[in-house]
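Visitor: Whole structure, please, built from the sequences with the hints as guidance.
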Amino acid sequence: MKEGSNNLIDKMVHYKVPAENEYWIPDGVGGFFENVDWLYNWITIISVVFFAAIIFPMWYYTWKYNRKSVGDKALNQHDHSFFLEILWSGGPLIILFVMFYYGFQGYLDMRIKPNNAMEVGVRAYQWGWEFSYNEDFEGNATKCETKVSFNEPLLLPTGRAVNFLMTSSDVLHSFYLPNFRQKGDVIPGRYNTVWVEAPEGKEGTYPLFCTEFCGTSHSQMLAEVRFVKADEFNAWLKSKEKVSCGGVSLERGKNIYSGVCQACHSLDGSKKVGPSFKGLWGREEKIEGGSSVTVDENYIKESILNPNAKIVEGYPPSMPAQELDEDEIKSVIKFIKEQK
Amino acid sequence: MGDSNATYLNATKGLKSWLVTIDHKRIGLMYLASVLFFFLAGGTFAILFRTELFTAKGDLFSADTYNSFFTLHGVIMVFLVIIPSVPAALGNFVLPLMLGAKDVAFPKLNLLSLYIYWTGSIIALCTIIFGHVDTGWTFYTPYSSNQGSSVVWMTFAAFVLGFSSILTGMNFVVTVHKLRAPGMTWFRMPLFVWGIYATSIIQVMATPVLGITLLLLIMENMVGIGIFNPNLGGDPVLFQHFFWFYSHPAVYIMILPGMAVQSELIAVFSQKKIFGYKFIAFSSLAIALISFIVWGHHMFVSGQSELIAMIFSFLTFLVAIPSGVKVFNWLYTLRHGSIRLNTPMIWALNFMVLFTIGGLTGLHLGTMSVDVHLHDTYFVVAHFHYVMMGGTLMTFMGGIYYWWPKITGKMYNEKWGRIAAAGVGVSFMVTFLPQFIMGAQGMPRRYYQYIEQYEKFHQMSTIGAYMLGAFFTMGAVVLVMSLRGSNFALDNPWNARTLEWTHTATPPVEHNFIGQPVVMYGPYDYDAPESSDTLESLAVRDGQTSETA
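Read top to bottom, the protein sequences are chains W and L. Note that this note's numbering has the first sequence beginning at 1, numbered continuously upward. Note that this note's numbering has the second sequence beginning at 1, numbered continuously upward.
Calculated from the structure, these hints are not laboratory results. Built from N, CA and C at the ideal position, the CB exists for glycine as well. Don't take each hint at face value.
Unchecked claim - According to the in silico footprint, chain L covers these stretches of chain W (three or more CB under 8 Å from chain L): (1) 14-25; (2) 29-43; (3) 80-86; (4) 106-115; (5) 197-211.
Stated by the list, open to error - Here are the simulated lysine-lysine pairs, PhoX-like style, with alpha carbons at most 20 Å apart: (6) L:K108 <-> L:K16; (7) L:K57 <-> W:K11; (8) W:K271 <-> W:K229; (9) W:K310 <-> W:K286; (10) W:K334 <-> W:K301; (11) W:K68 <-> L:K415; (12) W:K272 <-> W:K254; (13) L:K57 <-> W:K272; (14) L:K456 <-> W:K16; (15) W:K254 <-> W:K240; (16) W:K238 <-> W:K143; (17) W:K272 <-> W:K310; (18) W:K16 <-> L:K57; (19) W:K340 <-> W:K278; (20) W:K240 <-> W:K229.
Guide: Below is the structure:
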């Protein structure tokens, strides 16, 4: 099976949502989990009480008032009580209002970000995540927008609020960090934001799920988000900055490939959603409509920016346009040239 | 009419007599057969993808196949099974009988809506066989707006099915208003009628919005008008507003009829007046009204404003009250009753347990901050299966078993019927209880493969699904065997007080009643004189002799 051959997919199955109690709610990190977990527990207890208050009498009545012989009549035909109706509609209403109130409080905390939050760009696409950084822990600007793809752990610092500015390149996705109890839809054509903060001491690896159905590989939009100490984060960002802002380089091309192209283009000649990059450079490709094209700089650039212009025969026109700048495109070209 | 052996089943013969019939009972029966066929299809898809989910890695079939299977399961179960189940199948058969009417108000329109349902079903079936649809039953844009012709055909099928829904709903509303028998005041109507009436109002008012939305989606796909596609300046979230503006009321189109059946079952098998009749009746209308203004609770994480989200959350909690009122009233009806655990009552008790869980877990989801965590996880999957399947489908089965003697004239084997019903209840818990746990643990919906941490829950769920398949099959066999057997049913085997049992033959004659029934008592008046006496006296008064007594 083609999915099975991918190392990344094999790795994903072993991701873990840290959970001390695997039968309840996973470990909470950050600030929101206190409200959510408290409400979750409290509502569950209320639910169990109500459930018992309905189901035990139900069993009791069906046992106690079981018809012993044909023709037995009901003990009475008592059929209304205004007092009871008010009791069981008004009583729960008060409890529901409490749930509503605290749920709203918690929701506001989740949605209103602190002013000093560090902004991290999130781009979702079919099928992966890309984080982009513009500042380090102290708020110093990076040399350029530093992009990191989801096939390696995405690092974030503890001890600082992080605001995710999210958008999608194609269809709806949803950004979900179970341990942080935080979720937000990622929508094409607009920005949506969610924020989290892992306090110092809560360093660790937490999974990121896509929770809005987005097509074939929806279940493979899993990433590992690793919260580390400020120093480690800054050092990591520096190393990423080198790759990301390094002009045109093979390393950068490789980095972009493994982040963006890998899902659909193999390096070993095997056919995935799109043609393999192996031996692609300089090849004469038949394209839909009967003509043919040589794979050169122009064709690759066109295929990145306007993928449906020339579709290689036998492949679906399903590649989304990629937002890469000139240096990035050149780096990708350099990388493809190497795939002999 | 002179032949006392002529029932609606054999009044006229031949395939043609069924295809052009305008008898609401035959139309209801044809709906029933179609719905059960699609229930089998939808269930089969569920068994298949549950098998895939037995292991964490995707290994049985490809991701695309899995995605299309869960989509087909959803589309079939929602649009072809649950929505028409109680109203179109049972409602068609029972509603005119309960009101003391000869037929629905517009019998030919009724037949037309059956044909529209069949047309929609055939389009859906062809799409399933020849196409590939993997959008989920919600058809969210922009994913659905560039998935090609299969999606267009599937949405077209749902569009067509909507008309069937609207016409049936309108027919019922007019029937309830205009065709009640003499003496059948509004508060002497069985609660089944009230429930179907409330459902019909939602169907007539909400379904056109779905029609418009699906039409826009089709136009988006075919000519790229750019309503929903951001590349063309559209707004993908707008689709969600449109879709849920219909589909949230539609959730109540699905559950209200279940509640309607439940009221009948609880009263009859307790041999007691239903407790709080007016509260149950008006809570149906309250649900119908509030259901129109809660749709935004499906979008707490889609970036709508906090204020709007707050209002929707508040209204969502309000809609919980009328549902709770019903459950408490049913519970209190059991008290001091004379309870018989016949097969339909077992289904009704299943409903009490499962629907209560479904309703209570709705509180977790209505609470905004908790919903952010649970949204689009298996918790939601479990919640709506408890409500839709644990609610509506349990009472649909209960209703089939309850009216089976009236519909077919045959009695089934009670022992095996009870085992099947109880078995379904237990298997249901095995299937869906683990889904709450893995949902709270973060397991997202619609995943073809998942992290190993969730494997044990999925395995339990899959085993439960196999059990469900087995017990539903047993339930079907019980009914089919009864048709072959010769255990003929009595006219009123459950000692019910509603007209379809007291005033008609089993099975009923073509025009339902011999003479015009006159209603002297309420639908659950177990303290009133025996209804058959009433029937005699009325028949004498009307100068007729009863052939049914």
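Visitor: Take the hints in turn and mark each one as holding or not.
Guide: Status of each hint after checking the structure:
1. Remark: the region 14-25 of chain W is confirmed as covered by chain L, as 9 of its residues place a Cβ nearer than 8 Å to a Cβ of that chain, reaching the required three.
2. As drawn, the region 29-43 of chain W meets chain L at 6 residues by the rule of a beta-carbon pair under 8 Å; at three or more, the given contact holds.
3. Under a criterion of three residues with beta carbons nearer than 8 Å to beta carbons of chain L, the stated coverage of the region 80-86 of chain W is upheld, 4 such residues being counted.
4. A count of 7 residues in the region 106-115 of chain W with a Cβ less than 8 Å from any Cβ of chain L is obtained; the coverage claim is therefore met, three being the minimum.
5. Coverage of the region 197-211 of chain W by chain L holds. Counting CB-CB distances below 8 Å, 4 residues qualify, and the rule asks for three or more.
6. For the suggested pair L:K108 and L:K16, the alpha carbons sit about 15 Å apart, so the restraint of at most 20 Å is met.
7. Only pairs whose Cα atoms come within 20 Å are accepted, and L:K57 paired with W:K11 is accepted, the gap being roughly 11 Å.
8. Taken as a hint, the W:K271 and W:K229 pair is broken in the structure, with Cα atoms around 41 Å apart against an allowance of 20 Å.
9. Between W:K310 and W:K286 the CA atoms are separated by roughly 9 Å; this keeps the pair inside 20 Å, and the hint holds.
10. Between the alpha carbons of W:K334 and W:K301 the distance comes to roughly 12 Å, so the proposed pair stays at or under 20 Å and holds.
11. Between W:K68 and L:K415, the direct Cα distance comes to roughly 17 Å. Compliance with the 20 Å bound is thereby established for this hinted pair.
12. The straight-line distance between the Cα atoms of W:K272 and W:K254 is roughly 18 Å, inside the 20 Å bound, and the hint therefore holds.
13. This hinted pair checks out: L:K57 and W:K272 have alpha carbons roughly 19 Å apart, not beyond 20 Å.
14. Among the hinted pairs, L:K456 with W:K16 is consistent with the structure: their alpha-carbon atoms are about 14 Å apart, no more than 20 Å.
15. Taking the CA atoms of W:K254 and W:K240, the gap is near 13 Å; set against the 20 Å cutoff, the hint holds.
16. Only pairs whose Cα atoms come within 20 Å are accepted, and W:K238 paired with W:K143 is accepted, the gap being roughly 9 Å.
17. Among the hinted pairs, W:K272 with W:K310 is consistent with the structure: their alpha-carbon atoms are about 18 Å apart, no more than 20 Å.
18. Proposed proximity of W:K16 and L:K57 is supported: the alpha carbons are some 15 Å apart, at most 20 Å.
19. At roughly 6 Å between alpha-carbon atoms, W:K340 and W:K278 fall within 20 Å of each other, so this suggested pair holds.
20. A distance of roughly 17 Å separates the Cα atoms of W:K240 and W:K229; the hinted pair therefore holds under the 20 Å criterion.
In terms of the numbered hints stated before, the structure departs from hint 8 and from no other.
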